[in-house]
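Chemist: Below are the chains, spelled out letter by letter.
Protein chains: 2
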Amino acid sequence: MNRTAQHLVSHNIKPSAQRIAIMKYLMEHPTHPSVDKIYCDLLPDMPTLSRTTVYNTLRVLEENDALITLNIDSKNVRYDGNVMPHAHFMCRSCGKIYDTALPEGILKEIPGMETFQIDAIKLYYKGLCQECQEKENNNKE
Amino acid sequence: MNRTAQHLVSHNIKPSAQRIAIMKYLMEHPTHPSVDKIYCDLLPDMPTLSRTTVYNTLRVLEENDALITLNIDSKNVRYDGNVMPHAHFMCRSCGKIYDTALPEGILKEIPGMETFQIDAIKLYYKGLCQECQEKENNNKE
DNA sequence: TACAATGTTGTAATGATTACATATATGATT
DNA sequence: AATCATATATGTAATCATTACAACATTGTA
Ligand SMILES: [Mn+2]
Ligand SMILES: [Mn+2]
Ligand SMILES: [Zn+2]
Ligand SMILES: [Zn+2]
Numbered sequence: 001m002n003r004t005a006q007h008l009v010s011h012n013i014k015p016s017a018q019r020i021a022i023m024k025y026l027m028e029h030p031t032h033p034s035v036d037k038i039y040c041d042l043l044p045d046m047p048t049l050s051r052t053t054v055y056n057t058l059r060v061l062e063e064n065d066a067l068i069t070l071n072i073d074s075k076n077v078r079y080d081g082n083v084m085p086h087a088h089f090m091c092r093s094c095g096k097i098y099d100t101a102l103p104e105g106i107l108k109e110i111p112g113m114e115t116f117q118i119d120a121i122k123l124y125y126k127g128l129c130q131e132c133q134e135k136e137n138n139n140k141e
Numbered sequence: 001m002n003r004t005a006q007h008l009v010s011h012n013i014k015p016s017a018q019r020i021a022i023m024k025y026l027m028e029h030p031t032h033p034s035v036d037k038i039y040c041d042l043l044p045d046m047p048t049l050s051r052t053t054v055y056n057t058l059r060v061l062e063e064n065d066a067l068i069t070l071n072i073d074s075k076n077v078r079y080d081g082n083v084m085p086h087a088h089f090m091c092r093s094c095g096k097i098y099d100t101a102l103p104e105g106i107l108k109e110i111p112g113m114e115t116f117q118i119d120a121i122k123l124y125y126k127g128l129c130q131e132c133q134e135k136e137n138n139n140k141e
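Quick mapping for you: the protein sequence lines, in order, are chains D and W.
What the first sequence shows, in the numbering used here, is residues 1 to 141, in sequence order.
What the second sequence shows, in the numbering used here, is residues 1 to 141, in sequence order.
It should be emphasised that the hints constitute simulated quantities derived from the structure, not laboratory data.
Keep in mind that the hints are not guaranteed to be accurate.
One copy or two, either will do: identical chains are not told apart, so a pair holds if it fits within one copy or between any two.
Result set (DSSO-like, lysine-lysine): computed pairs, CA atoms no more than 27 Å apart in a straight line [claimed, not checked]:
1) K122 with K135
2) K96 with K14
3) K122 with K37
4) K24 with K37
5) K14 with K135
6) K24 with K135
7) K96 with K75
Keep in mind it's a predicted model, so treat the numbers as computed, not measured.
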């Protein structure tokens, strides 16, 4: 059993060929891909893969905490195999999603809301990445 | 011109009857309603209102910073007439969305990512509100 | 009034996601 | 190996939020 399969087993997920391929893809591509990106990229090596299987598998992975979902992009859900707590920045020009650090202390509590039971924290930043800032400046000249 | 119309004008939005009604609804209902909630609640008093108008108006309001959009609920976009920086908690059981304070310092910078230009920050918490925690406990007994 | 510009409405199209029925794979038991 | 039960994968159709678009209405101005 390979590394990815063991990873799935450690999350109580039975490792099928499709599940291994999708989990492996997420671990090797920390780019926060959409369902369609995953599907289209895997299709050449898995010609029988179904879009439904990608949806099903991503749901299984999420239910067993093997990935997190990002709703930073209002058009598509994005998926992230990195389940360590971290925040995300999305560039409104190029669309890239970058990992960023979660500010210290944010995991502790919600000020004034101690009675809430918190299961998940999502911190999203939106704006312009450095490359796109430079492009905008060049266009102005 | 009433208070709501003046509010729209101050955001460079021409105040039509529909825009006033929708903006007023958002200011009087800090419940982070969905498009359909707004549409269905306004319909009795505005029988000719179109769902498209609600969509169009909400886009105009957002483009002119008269509201913010929340993607905390993956099913529907939610709208918030309170544009002061604040965070949100959504209960996975009852679906209510609560306002919470934004932790101090979070507006300052992204640690290690000073080169990014940040236009918006969204901080979402998910979990169980107090009422739903109690309900779950009662069901266990 | 005439006219142009802006805003509204209803319907149709889009596109992501889900439901569902069928097919395939897996794993245990005989 | 053959049987059987269960889990997983596939393809198609349905759902549903959102957007596109064209026709209609309103507003303001000359
Ligand atoms: Mn990430
Ligand atoms: Mn709010
Ligand atoms: Zn960029
Ligand atoms: Zn609740």
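Chemist: Compare the structure with each hint and give your call.
Modeler: Taking the hints in turn, this is what the structure says about them:
1. In this homomeric assembly, K122 and K135 come within 27 Å of each other (Cα to Cα) only across copies, at 25 Å, whereas the closest approach inside a single copy is 29 Å.
2. Proximity of K96 to K14 under the C-alpha cut-off of 27 Å is found in neither arrangement, the shortest distances being 32 Å within a copy and 35 Å between copies.
3. For a Cα distance limit of 27 Å, the shortest separation of K122 from K37 qualifies both inside one copy, at 22 Å, and across copies, at 25 Å.
4. In this assembly of identical chains, K24 and K37 lie within 27 Å of each other by CA distance solely inside one copy; the values are 14 Å within and 41 Å between copies.
5. When the C-alpha separation of K14 and K135 is checked against a cutoff of 27 Å, the pair qualifies neither within a copy, at 47 Å, nor between copies, at 33 Å.
6. With identical chains, the CA atoms of K24 and K135 are never at most 27 Å apart, being 34 Å at best within one copy and 40 Å at best between copies.
7. Proximity of K96 to K75 under the C-alpha cut-off of 27 Å is found in both arrangements, the shortest distances being 14 Å within a copy and 23 Å between copies.
In summary, the numbered hints that this structure violates are 2, 5, 6.
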